[in-house]
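Chemist: Take these sequences, add in the hints, and give me the full structure.
Number of protein chains: 2
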Amino acid sequence: MNEVLKNILTRRSIRSFTEERIPDEAVEQIVQAAIYAPSGRNLQSWHFTVIHDRDKIARLAAVMQELLGNPNYNLYKPDMLILVAADRENSLGQLDTGCAMENIFLAAHSLGIGSVWVNQLYAFCDKEPLRALLTEYGLPETHVVWGTAALGYAAGPAAERPRAEGTVNYA
Amino acid sequence: MNEVLKNILTRRSIRSFTEERIPDEAVEQIVQAAIYAPSGRNLQSWHFTVIHDRDKIARLAAVMQELLGNPNYNLYKPDMLILVAADRENSLGQLDTGCAMENIFLAAHSLGIGSVWVNQLYAFCDKEPLRALLTEYGLPETHVVWGTAALGYAAGPAAERPRAEGTVNYA
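From first to last, the protein sequence lines are chains A and B. Take 1 as the starting number for the first sequence in the numbering used here and just add one per residue. Take 1 as the starting number for the second sequence in the numbering used here and just add one per residue.
Hints are computed from structural coordinates only; laboratory data are not their basis. Virtual Cβ for every residue (Gly too), placed ideally from N, Cα, C. One or more of the hints may lead you astray.
[As the list claims (entries may be wrong)] Cβ-Cβ distance ranges computed for the label pairs, FRET-style: (1) A:Q65 - B:N70: 46 to 54 Å; (2) B:T135 - A:A164: 14 to 22 Å; (3) A:E136 - B:P140: 43 to 51 Å; (4) A:E128 - B:P71: 49 to 57 Å; (5) A:K56 - B:E28: 42 to 50 Å; (6) B:E3 - A:D24: 16 to 24 Å; (7) B:R59 - A:A158: 40 to 48 Å.
Modeler: This is the structure we're talking about:
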């Protein structure tokens, strides 16, 4: 089995991270992987907001705690977040986001970096005070966040995730 | 740069295929890559319909020609199609589909097989006579097709796809 297939099969969501910082070169490679995803009609109408600052991530978590009414919400305390957003007028934005997110996860895993999809921003990204903070962090007003990738070095093993049966048929 | 990153950066959509048949082992590896994608809340509520039969693909193309009013529609005459569907009640189905589609594209590319996302089924998958044919091909009534991957050996070089500028910012 080639390295690409091995990397796909061994990726698992990681929900606990060490304090170690992801090197700049790896950040650049992960972001480059994201922008090389395919997009519907090649529109590339997406926007990636890279938050590689634990204080800024903590501010975002605090805003989400308020919106969710959950004081324990912490985005898994990652070293880095990448928000994947699409133009709100693009009906293919969620499909594009899925492709870009998977590139982020696979690129990270190939570099020994763990990741997980955090989904709660998606429901709140036009609500205040979240939108104001996202604007401060560089998200265009035209864009909605469909995916949030939390990244860092794994603090422990990933859970096993058995595959569901019966999801494939051959016509 | 590692093999995983190279594979991500060199994948391009292929829209013209030779008559060569994809070997069964490669089909199995591509399908396995698909089902190892992450899914929201790990629901794995997706369904993959593998159509590795040129006559069946031609029948599907004929139905689409009728629905689209376009006699030239041919799904790019691939060797194989994989329809990626999600339970219609799953609000994260499009995001899951994007991840699984990208795994299909990347696994195929790592095996020297070209691919492209064909998007038109998405709008018509509950219309007749398409739904009846999809049922015949094994798609559950509960599921809607969000993504269609056309696969085969490339008949020519892929078009270059320059990346859009200004899609990334560092908060």
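Chemist: Hints first: check each against the structure and report whether it holds.
Modeler: Hint check results:
The hinted range of 46 to 54 Å is satisfied by Q65 of chain A and N70 of chain B, whose Cβ atoms lie roughly 51 Å apart. With their beta carbons about 21 Å apart, T135 of chain B and A164 of chain A fall inside the hinted range of 14 to 22 Å. At about 45 Å, the CB distance of E136 of chain A to P140 of chain B agrees with the hint of 43 to 51 Å. Against the hinted window of 49 to 57 Å, the Cβ-Cβ separation of E128 of chain A and P71 of chain B comes to about 52 Å, which satisfies the hint.
Roughly 44 Å separates the CB atoms of K56 of chain A and E28 of chain B, a value that falls within the hinted 42 to 50 Å. Distance hint for E3 of chain B and D24 of chain A: a CB-CB separation of about 22 Å, consistent with the stated range 16 to 24 Å. Between R59 of chain B and A158 of chain A the Cβ separation comes to about 42 Å, which falls inside the hinted range of 40 to 48 Å.
This entry satisfies every hint, going by the numbered hints stated previously.
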